[in-house]
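A.B. asks: Whole structure, please, built from the sequences with the hints as guidance.
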Amino acid sequence: MREHRYLRNVTTLAYEPSRCTGCRMCAEVCPHRIFEVENGKARVRDRDLCMECGACAKNCPFAAITVRAGVGCAWAIMASELRGKKEVACG
Amino acid sequence: MSNDDQEKPRVECSCADCCGASASKVSEENERNYIQENRGWIESRLETAAGPVPVVSTRLNWRDRLGSFVVRLGIKRMNYAVRPGLYAVGNPTLGSPVFVSANYKLSFDRLRKELGGVDAWVLVLDTKGINVWCAAGKGTFGTEEILNRLEASGLRSVVSHRTLILPQLGAPGVAAHEVTRQSGFKVVYGPVRASDIKLFLRNGMKASEEMRTVRFNLADRLILTPLELVMTLKVVAAAVLILLVLDVLGLNAFSWKTLYPYLGAIIVGCVAVPALLPWIPGPAFAWKGWLLGIVWALFVNIEQGLIFSGSPGWAQLWPRAVSYFLLLPALSAFLAMNFTGSSTYTSLSGVVREMKTAVPATFISAVLGLGILIAALAGAF
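Listed in order, the protein sequences are those of chains D and Z. For the first sequence, the positions run 1 to 91 when my numbering is used. For the second sequence, the positions run 1 to 381 when my numbering is used.
Worth double-checking, as some hints may not be accurate.
BS3-like mimics (lysine-lysine), calculated; alpha carbons at most 25 angstroms apart, straight line [unchecked claim]: (1) 41(D) x 186(Z); (2) 234(Z) x 257(Z); (3) 206(Z) x 41(D).
FYI, nobody ran anything at the bench for these hints, they're computed from the structure.
C.D. replies: Here it is as structure tokens:
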């Protein structure tokens with residue numbers, strides 16, 4: 001059982017298996033161990049653990065993964081709303 | 001810090017740790033803003049093909065520890081950076097491993113502390129004084145900075161191999177395959193926590209599942225709370241002041257009794273919720289804050305004899321009781337929601353979803369609570 005679990009069915013993580021070559025990079029970089037490689041293909045174990053950090057998408061050499069990366073930070077979201085910025089990042 | 005080994009700069013993507021970075025005073029033009037080298041963390045210089053390289057100590061001295069303590073309280077936090085570039089640990093040679101780090105001194109200290117007895121090079125990127133994970137999210141710990149710093153440091157002539165070891169939490173900013181394509185250097189992602197580095201090296205640069213998993217245990221959460229509290233007290237001081245003025249003018253004399261409900265609600269949102277996070281039911285942070293806030297408001301009401309006291313003065317007491325129930329949980333909920341930025345598992349989409357309900361709900365609740373206080377003050381009841 002995981003110690004922490006956030007809202008379900010919200011992540012923008014999308015994975016296209018046909019592009020996957022099973023290089024394991026996504027499985028390696030994910031801080032919540034969402035990906036697992038089986039029979040030469042990555043598989044998403046538990047989408048709801050995704051925090052949208054973007055590490056998997058950034059490190060996939062075959063562009064098989066997309067995610068709207070950003071910080072899950074209420075302050076940052078409020079700040080970017082106030083400044084009229086689309087991108088949500090710190091600072 | 002008793003839990004030094006588990007706590008690590010890279011797992012503290014406290015939003016508070018990132019915010020304001022664009023306003024950071026650290027710049028390449030003003031070298032004086034980097035932590036001075038004469039403070040014991042640099043031991044000597046090592047002559048290399050790329051010129052003299054500073055050799056760093058693997059022990060943290062009192063200045064390093066004091067510095068960590070101070071930035072944890074939010075003081076001079078945006079100005080705690082070391083000069084980017086190449087550093088040496090021990091007595092490294094052409095074949096020694098190269099670790100890549102951020103120039104937030106807390107991150108850098110955590111790394112060098114774990115490298116006792118290891119001969120290695122450390123390539124410090126210019127992350128504007130921000131820790132690895134936050135900087136990766138912003139892209140300052142990123143592909144471009146690695147490529148630039150690699151060439152600027154002359155690393156090519158200092159080592160004969162072509163491998164860089166990056167902290168795993170740098171991955172959101174770095175495309176490993178791009179670094180390799182453009183520089184010929186292979187990127188190996190090391191463990192999440194610096195304390196696992198020696199084991200990682202012993203295992204032939206292999207990280208276990210456990211070493212690759214981000215945690216957020218009690219110690220990880222508690223170490224972030226002082227900063228959260230200091231930042232919050234600054235922001236909400238004004239709001240609390242307004243409440244106090246209303247309180248003093250209308251319903252009570254200025255006293256500890258009028259102050260502690262609000263201070264308590266702040267502590268509930270900034271300390272109690274982070275501490276009890278996994279045990280408070282419901283996934284949303286604001287909800288967790290509201291739930292504990294209700295418990296707190298109940299306590300305050302009973303303690304002040306506003307409810308369950310059998311007092312016949314309900315006609316006078318109810319505005320105060322109701323306003324506590326509307327204001328205190330709203331305050332705790334809002335503050336707890338802001339801890340999402342410090343957590344290691346909330347997603348942007350999730351927080352946006354949570355805020356859609358939480359922001360209007362806490363706002364309306366607070367406005368109603370204030371309205372009742374003001375109306376009571378005006379003698380409306």
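A.B. asks: Hint by hint, note whether the structure agrees.
C.D. replies: Hint-by-hint comparison with the structure:
Restraint check for residue 41(D) and residue 186(Z): satisfied, since their Cα atoms lie roughly 23 angstroms apart, inside the 25 angstroms limit. For the given pair, residue 234(Z) sits about 21 angstroms from residue 257(Z) by alpha-carbon distance, which is consistent with the 25 angstroms threshold. With a C-alpha separation of about 21 angstroms, the suggested pairing of residue 206(Z) with residue 41(D) holds against the 25 angstroms cut-off.
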